[in-house]
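**Student:** Those protein sequences? They're chains A and B, same order as listed. Letter by letter, the first sequence follows residues 855 to 1360 of the working numbering. Letter by letter, the second sequence follows residues 855 to 1360 of the working numbering.
I should point out that these hints are in silico values taken from the structure, not numbers from a laboratory. Since the structure is predicted, the reported quantities are computational estimates derived from the model, not experimental observations. Please note that the accuracy of each hint is not assured.
The list treats identical chains as interchangeable, and a pair is accepted whether it falls inside one copy or across any two copies.
Derived pair list, reagent style DSS-like, types lysine-lysine, alpha-carbon separation capped at 25 Å [claimed, not checked]:
#1 LYS1033 with LYS920
#2 LYS1152 with LYS1125
#3 LYS1125 with LYS1079
#4 LYS1099 with LYS1041
#5 LYS1208 with LYS1315
#6 LYS1093 with LYS1125
#7 LYS1000 with LYS921
#8 LYS1125 with LYS1041
#9 LYS1237 with LYS921
#10 LYS1314 with LYS1237
#11 LYS920 with LYS1001
#12 LYS1208 with LYS1264
#13 LYS920 with LYS1237
Number of protein chains: 2
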Amino acid sequence: AQNKEQLEKKNAILVDGVILNGPIIDAKAGQQFIQEAFPIIMEEAIRKGTDVNEKVCEWQPPAQLKKILDLELRDVGENHQRLLQRCQDVIRYSVKTSHPRFYNQLYAGMDPYSLVARFVTEAVNPSVYTYEVSPVFVLMEEAVLKKMIEHVGWKEGDGIFSPGGSVSNMYAVNVARYKFCPDIKEKGLSGMPRLVMFTSEECHYSVKKAAAFLGIGTQNVYVVKADDRGKMIPEELEKQIEQAKKEGALPFLVSATAGTTVLGAFDPLDKVAGICERHGLWFHVDAAWGGSALMSRKHRHILQGIHRADSVAWNPHKMLMAGIQCCAFLVKGNTGLLKECHSACASYLFQQDKFYDVEYDIGDKSIQCSRRADAFKFWLMWKAIGTRGLEERVNRAFALARYLADEIKKREEFRLILEPEYASICFWYIPPSLRNMEEGPEFWQKLNKVAPIVKERMMKKGSMMVGYQPHRGKVNFFLQYVLASRLLMLCIDNVLEDFTTEYILL
Amino acid sequence: AQNKEQLEKKNAILVDGVILNGPIIDAKAGQQFIQEAFPIIMEEAIRKGTDVNEKVCEWQPPAQLKKILDLELRDVGENHQRLLQRCQDVIRYSVKTSHPRFYNQLYAGMDPYSLVARFVTEAVNPSVYTYEVSPVFVLMEEAVLKKMIEHVGWKEGDGIFSPGGSVSNMYAVNVARYKFCPDIKEKGLSGMPRLVMFTSEECHYSVKKAAAFLGIGTQNVYVVKADDRGKMIPEELEKQIEQAKKEGALPFLVSATAGTTVLGAFDPLDKVAGICERHGLWFHVDAAWGGSALMSRKHRHILQGIHRADSVAWNPHKMLMAGIQCCAFLVKGNTGLLKECHSACASYLFQQDKFYDVEYDIGDKSIQCSRRADAFKFWLMWKAIGTRGLEERVNRAFALARYLADEIKKREEFRLILEPEYASICFWYIPPSLRNMEEGPEFWQKLNKVAPIVKERMMKKGSMMVGYQPHRGKVNFFLQYVLASRLLMLCIDNVLEDFTTEYILL
Chain A
855 AQNKEQLEKK NAILVDGVIL NGPIIDAKAG QQFIQEAFPI IMEEAIRKGT DVNEKVCEWQ
915 PPAQLKKILD LELRDVGENH QRLLQRCQDV IRYSVKTSHP RFYNQLYAGM DPYSLVARFV
975 TEAVNPSVYT YEVSPVFVLM EEAVLKKMIE HVGWKEGDGI FSPGGSVSNM YAVNVARYKF
1035 CPDIKEKGLS GMPRLVMFTS EECHYSVKKA AAFLGIGTQN VYVVKADDRG KMIPEELEKQ
1095 IEQAKKEGAL PFLVSATAGT TVLGAFDPLD KVAGICERHG LWFHVDAAWG GSALMSRKHR
1155 HILQGIHRAD SVAWNPHKML MAGIQCCAFL VKGNTGLLKE CHSACASYLF QQDKFYDVEY
1215 DIGDKSIQCS RRADAFKFWL MWKAIGTRGL EERVNRAFAL ARYLADEIKK REEFRLILEP
1275 EYASICFWYI PPSLRNMEEG PEFWQKLNKV APIVKERMMK KGSMMVGYQP HRGKVNFFLQ
1335 YVLASRLLML CIDNVLEDFT TEYILL
Chain B
855 AQNKEQLEKK NAILVDGVIL NGPIIDAKAG QQFIQEAFPI IMEEAIRKGT DVNEKVCEWQ
915 PPAQLKKILD LELRDVGENH QRLLQRCQDV IRYSVKTSHP RFYNQLYAGM DPYSLVARFV
975 TEAVNPSVYT YEVSPVFVLM EEAVLKKMIE HVGWKEGDGI FSPGGSVSNM YAVNVARYKF
1035 CPDIKEKGLS GMPRLVMFTS EECHYSVKKA AAFLGIGTQN VYVVKADDRG KMIPEELEKQ
1095 IEQAKKEGAL PFLVSATAGT TVLGAFDPLD KVAGICERHG LWFHVDAAWG GSALMSRKHR
1155 HILQGIHRAD SVAWNPHKML MAGIQCCAFL VKGNTGLLKE CHSACASYLF QQDKFYDVEY
1215 DIGDKSIQCS RRADAFKFWL MWKAIGTRGL EERVNRAFAL ARYLADEIKK REEFRLILEP
1275 EYASICFWYI PPSLRNMEEG PEFWQKLNKV APIVKERMMK KGSMMVGYQP HRGKVNFFLQ
1335 YVLASRLLML CIDNVLEDFT TEYILL
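My request is simple: use the sequences and hints to build the entire structure.
**Tutor:** Dropping the structure here:
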């Protein structure tokens, strides 16, 4: 051994004070670490994380959690045992978003196929910009997009996976603007008349973020009134368009919503399409939440008219459970618009003298450079359960939502705010102390405080996580997003029970 | 069993034709599937994918690969065995980006700690917008950003992890613009005088993409000449600023590059900082590639002056091997600018009546809504190897780059294009048929064809992947990005040998 060491020292290549012999990472030890971590992930995150008998969260206030996690990064590293303990802690104190009692936002559930695809992706570490670096994932993205485009109802289309529905909405604004006036790409907006886009008051906040980010300005998002159910009122849209024209501004885009964030409402797409056609406006549908209803032959009619859209944002990571993030931005037709609009033709990536068809180097359609292989998890899940399996998830969510709404209506301690069109259930919980009170200012003031208190108690117990918010003059109400995975029927009673339990103290 | 079935039928809850009893996902079968997939990932992607004796890629042209992968998505799902085979195929035909002979782009290498963190993240499926949903990852992001800010040399700072360096550069443009004129967020750019930003001709293409996307326009990116080494010439920057002012335009931002994409050059940050200060311009440094040199006490001087920057983009997924994507956008000072600039105050996420300090709901700093926990993989890696371990990676890459450059200079079949400042090695391979040829038009025309041909042959053999490109009047040359993981010293000779082997046929 000593001889070997001496020999190595003799042959050592020393450059700038660094010995270059041998690898810098001990591959065997590294693989051992991964082997040891896997059972922890399996038990703590995957098994317990989806077990209804476990807590959905293990609440700690920030100051306390900082201490527990010992976040500071130091000069010297730690041993494997310590690191495995850290992984365990990370999982323990993380919210179990795949838990059947996580109703906090518009995603949930653990699909094992998509999860495996995500593990594969991390291990392969691809970047989906060129065919040479990501041959498999480039083709898969194409296959998945093709199928999504079919479900939208277009004969031809193009698209790209993006890091979130918000970014997809930004793509829509940029493509619409490019179509409206290609010169803006080079010349910018300064000196241009005011560009105006339209969306309803119930739209996702990312539409305004897009307007701010893309230099259009939030004031140039004309907000169209919605009806009581949260749907854009077409006549109001017409009025706003006329108004903008009167002001000398240039209308270029309408963003309708299919599945609004709070009420789960669907804008009347067919009517909006007609208006867009008449005025020559780009018709975008933000179907991040509602797009998955397209998978259901029974329910897809709530998106009636979506085939007339020019672009669609649709996030399979929500209702279909593909895992965060899985977000497609889709454009009608095979016009090359997406690439034209975003391309920069970087010569270090997109050389034109490659030995294969460079049409497969799709990265120049994107605003990103390195880009994750988000289509693959959806692809593997789709292969695993088939179109019919995806449809079943959607149908189940619709039915569960219906059932939950009906159960809520049956009980005096709850009040349903509106009949669900999709899978967002909005309701008040009325504690006994308020049940016989006159519905005057005091009642509403007190009711407004119920949801935050109930939520706090539930989180501190780890029994449930559910959203709440005030909305359009209504005081804080609960907002329960229903996905197929969430409401195991056996626990619907318990879920409602939880609200009831919490009230006692109110 | 039959009795049980009958009982279940009797108790079945049927809504809209859907039986709601029981879960929709068979958790046990799903966990079994994950268990079975793990050894495949371990062996095929992790072990073989980093083994120098395996191929770096298994080339198939698109049409052929489509057939092999059977990409079509069908109505009916597939069994586990078939799906596991699919995972195996996906890995087999994917490029092994962690292989020691993958030099194609600016990332590579497999860090086992970061990989485990990524597996944990996928299993936990967080979205980092609020503390209530992502308590652990919100705090980790804060801890990692704090440490990165320290390394930049700022006393105080803010930041956010973004889906790519390109998006980080967009953040920079938007924050700079907001600082310059906050009204633009609401009013947009129309009617404004022309805003102008500056960057060098060697900048990453995303700077222009950002200008296009944000409505500034690519023509309003004034391109500053670089010297022979690829560094921005400060005097030329001054000239361009004066020119823009003379034209009545409004200069607002300079984007310098620390580690250019092709030559790996570092702009003279100190001098650029001085110019920005004199003219009151936002000083952004795109250090996506070069930022990691800040980890090295020995080499950080090549970023001399970066502490004077107003913002920095830095991707630990490149040199430090954190895995795609891990990209921080950093802003100097604790001014709240990042949030002010991007916030939309969505009431369904960022309720102000929560029971904890809502300062920890960091999502409104972002242009995204759901957002991945990219900071965690960097955090766990940092915990594992310490600041000194990260420093070692950087020092090793510098030394390897030096060694490779020297080896290239020793050999008549290669010509080094310039002495590396960092870890990008640019060189020609001169085949024997050209070695004694006069360096006239014919020579250059022929040399231009060498790199694409050699690359094609290497990829078809699966022996190596390396970038090439023409650049600033130089015909196609090889571009080898050196990371600590890549050049096992034992194979440097073999690596160079590979070029030599391929030439024989030329």
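**Student:** For a quick check of understanding: which of the numbered hints are violated here, in increasing order?
**Tutor:** 1, 8, 10 and 12
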